[in-house]
Amino acid sequence: MQIKVGKQIAVEIYDEVIRGVLNIYPEEELAKRPFFDDGFRVGHISYKNLLDECDLILISWQMFFLTPENLKKQLGHINQLRKYKFSKKFFAKRKGAGDVTSKRIVDRLVRLQNYITENYSIPKNKFCGALIGKPHSECVDSFLDFFNINLDEFRSKASENALNYLIDKIQIKGINISRGVWKGGILPEVKSVNSVYKNTSGFVIKDDRIPFVFLPDEINPDEVMARRIYTLIYLLMCIGLNGYDFSIDSDFEASEPKVLGLEAKKHDLTAAILLPETETEKIKNSSVTSPLISQLALKYKITPRAVLFTLARRKIITWEERENLLPPPYQPRKVPSSPRKQPRVTTIVKKFCGSQAFNYINDGIGRGILQNIEAQYLIFGRVRKEQYGEYRSQIGL
Amino acid sequence: MKLIDTSTINQVLKNNISLREDYFITPDIEQEMLVALTILKKSIPSHIKNITIDNRFDEASYIKNYFEMLNKYGGRSFFNMTGFGDISLIALAKTILEALEKINRQALPLPGFLEQVEIYVEDGGLRKRIKQEVGSQIKLYKASQI
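Residue numbers (the numbering used here), protein chains in the order written: chain A, 21 to 417; chain B, 378 to 523.
Hints in this document: simulated from the structure, not taken from any laboratory.
Since the model is a prediction, treat every value here as computed from it, not as a measurement.
Possibly wrong hints are sitting among the right ones.
As the list claims (entries may be wrong) - Heads up, simulated SDA-like pairs for lysine to any residue below, C-alpha to C-alpha not over 25 Å straight-line:
1. A:Lys27 - A:Arg61
2. B:Lys418 - A:Arg387
3. B:Lys391 - A:Lys24
4. A:Lys24 - B:Lys418
5. A:Lys203 - A:Ala284
To be verified - If you only want the chain A side, here are some residues facing chain B, beta carbon under 10 Å, derived:
6. Asn134
7. Thr137
8. Glu138
Stated by the list, open to error - Beta-carbon label-pair distances, calculated as ranges:
9. A:Leu164 - B:Ser420: 46 to 56 Å
10. A:Gly388 - B:Ser420: 57 to 67 Å
11. A:Gly388 - B:Arg504: 27 to 37 Å
12. A:Ala51 - B:Ser454: 23 to 33 Å
13. A:Asn184 - B:Leu417: 28 to 38 Å
14. B:Gly451 - A:Gly26: 48 to 58 Å
15. B:Arg433 - A:Ile29: 17 to 27 Å
16. A:Ser176 - B:Thr429: 51 to 61 Å
17. A:Ile192 - B:Leu396: 29 to 39 Å
18. A:Lys52 - B:Arg397: 52 to 62 Å
19. A:Pro46 - B:Arg433: 40 to 50 Å
20. B:Leu417 - A:Lys285: 47 to 57 Å
21. A:Ile29 - B:Arg504: 23 to 33 Å
Heads up, the beta-carbon is just placed ideally off N, CA and C, and yes, glycines get one too.
Bound conformation, chain B alone:
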């Protein structure tokens, strides 16, 4: 499963990168992208999907993690309404990590979608926060590596 942030989507659009597999985004990131795409008169590439449409997505767990991350980290502004895309991505990474740990605890075979989780993030601060939450269990890449 591959997750991407706003800067990675920008990288894809800017360089007309043709995606060959599915990449997932959070609802907050999708919202952030909408205006930029409207202005650019482009639509989100079909391989970029909102995680909520995937039936493997545990929304309740994601919301719990969103609540925790929102209160744990700064960098978001309720005055300008910025920074929520980052919070949502950390929450999603943590949700996936918890799913992984649950599977490990129960000694179940790893489902295909969790075998390799990759997150593409450009911002150094956000990379650091994701690492802090999920350690090395999820691979992190820069936007340029997509």
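Isolated chain A, as found in the complex:
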């Protein structure tokens, strides 16, 4: 494909390199983007437009300028580093509507997790595996005690504040919670990628010193507040029970290991925390109606579907009754078109990286452990010098 400056042909780059670079994150299907699609059709692209496109898809434009041999060498080098970082990582996920795990997000979080574990002496987090072998009721108490969660306080809050209450309590205890964000160029802000991310589910990346939880939040419109709350508790059960369902190999492919069987327990414990059995026992002999389900969902901050699932598991209703009471599938609200104020760059970074990682990054920058370029890759996933300057200024460095 030719690269043009104005009407002049500057250089011809390799089609196989373009396809190779666009396939680094295959689930994003970047090759289908009109810019490249049109380029392949007409045989040329403009240099200036290539720079703009690369800024959108968060891939360095220089990569497209490599020869096939050099690209192979570069990708080999990157994969080698990833392999080293991924070799002993395990993760678990809560399946979402589309069952997608973004390799780009996993890549970013593992990079953050490794930065922390390689540079800081952190003792083993006592919650990792703490629920193994404990009876059901003891698990619930241990969980609430460990994170110092007051369920009455949690339930008294509006859903978003209730979620933030849990997140704060959990992060204080050394578990990093990363949340999907669209703003601030943290993830590519392009339509094709958005459609991939909207099917992204929550997951946890194992590390006994600093486990990482990822909540899709705003990048997955199906994740209503109540579902986010359930997902969060469910993923914490994965950590507490050491119940990791998948491993990731050097190519970021997830595979199921043979040790399984904890799925039901993870859901039962999640439900036991959010919707206590003492409460559902009270309705054992009453007529379970849709308004009652909605009432329980509202009070206990879980979705009506989760309430029905829990009632069926507890044999308060039959599975058939559950099917009949299921509400219609959730229709995500349309995003308001009015321009919303852009949050501070530190707010966005703290949300995406998690407050634990955010604090370690800032410490690393302050103490010179992290060089500017590496810091930008941890924070933004690419070099964004102006935003990085703003970031440093906002954290007072």
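Once you've looked at the hints, dock chain B against the given chain A.
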């Protein structure tokens, strides 16, 4: 025409050197400088200009040379995204050399801007690479000589 690298800009900023004529940098070097300047709360001195704003700059030729130099030399990392300023400076030096050679071939009088091309570079490895590409036709100076 005078070209400078990142270390020379640092030298200018560190020693508060007041420049009296124009010095050119590549887009990659300008990018590298932006963060350092934001942190230092300084701006690029007005006499330091991005080469792309100069109407004598042949961008197509520069891009062709960037492609060649990127694939010829190591020292740049796609993992940490470092070393591209150096690649861009070699590409720019080569672009200017080609312009010089074209003028010589056509036996045209040398335009004023190409009469004396100087590059200020501190890093020994980079000096060696520039020399390898442009020979002695472009004068090389150390950052401290600015």
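Against the earlier hints, flag every one the structure doesn't satisfy and list their numbers going up.
Violated hints: 3, 4, 5, 6, 7, 8, 10, 14, 17; rest satisfied.
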